[in-house]
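Residue numbers (the working numbering), protein chains in the order written: chain Y, 269 to 451; chain Z, 68 to 169.
Derived by calculation from the structure, the hints in this document are not laboratory data.
Every residue, glycine too, gets a C-beta built ideally from N, C-alpha and C.
Possibly wrong hints are sitting among the right ones.
[Claimed, not checked] If you want the footprint, here are the derived chain Y segments under chain Z, 3+ residues with CB under 8 Å:
no. : stretch
1   : 302-316
2   : 326-332
3   : 349-356
4   : 385-393
5   : 418-431
[Claimed, not checked] Cβ-to-Cβ under 8 Å is the rule here; a few derived chain Z residues that face chain Y:
no. : residue
6   : L92
7   : N96
8   : V100
9   : V142
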Amino acid sequence: MSGLVVASSAGNVLVWIVWIVAALACLASGIAVVTFSNPFFSALALIGNLGSLAVMYLLLSAEFVAAAQVLVYAGAVVVMFLFVIAYVGPRHETPWSGGPGWQTVGAVAAAGALLVEIVVAVGMQASGSLSHQTSVGTDFGTPGWIGRVFLTDHLLAFEITSVVLLVAAVGGVVLGSHTRRAT
Amino acid sequence: MDGPNVAWYIAIAAVLFGIGALGVLIRRNTLVVLLSLELMLNAGNLALIALSRHFHNGAGQIFALTVMAIAASEVCVGLGLVVALNRRNLSLDVDTLSELRG
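Sequences and hints are given; from them, build the entire structure.
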């Protein structure tokens, strides 16, 4: 919240500077996740990616989502990744020579085609309506507002999410249990 | 607050999604494939939150939080699979895991 107050008082130059730094950090750490040969460093680069995305969420007045991003992703998911990477041991791999050459070329072409497809689809569908500036109220995205909306309008999503988390926890226990015999 | 408008955020989200898709397609290690999947989910979250603010509709933020919970479930099951594979001394290379046999 204090970030928003500072940004609006200092003009939009500061917002642009913060945004550009966050965007460059986001893209650079994303490329680092994909290109590092050591999975441990990939997981550490993912922390940088999640942090810069949290900065962007703050610029988008989504304070609660930014806090949840740092807590859930950087605090729980990445730590679990680091535990498992340390458990299975270091397995180095060269990203650009994993398979046959045509496979790498095909993967790059498929990812590029996906990117072009997203840009064309969004541009054709909504290029006119995305350019104007909008303003939101002061309580938009605060924890109180999120909690009120979650327990009134989106209660079904909330309950289904809790069931999915329970099922995933049971699945994790079943997959990790020692008593299961290989058949 | 005058900052970059929503099209810039969508552009960043699209590029990040492309990077994640490239990682899923190009990497051989199961763990790095899961990490790249997280990149793709985060790109979707960024687009959701940018459009949520643009249209002043809170459903985007609610959906982003739900996606976060689903991503945590996916990591739970995925890392459970990785640990189970490692315990049976199987390779973590996705090219050699081509037989879906128990």
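Now for the hints, and whether the structure bears them out:
1. 302-316: Answer holds; 5 residues pass the 8 Å Cβ test.
2. 326-332: holds (count 5)
3. 349-356: Holds, because 5 residues of the stretch 349-356 of chain Y bring their Cβ atoms closer than 8 Å to Cβ atoms of chain Z.
4. 385-393: With 3 residues closer than 8 Å to chain Z, the stretch 385-393 of chain Y meets the three-residue bar; holds.
5. 418-431: holds (count 5)
6. L92: 4 Å, holds
7. N96: This interface hint holds because 5 Å falls under the 8 Å limit.
8. V100: Hint on V100/Z: violated, closest Cβ of chain Y at ~10 Å, above 8 Å.
9. V142: 5 Å, holds
In the structure shown, a violation is registered for the earlier hint numbered 8 alone.
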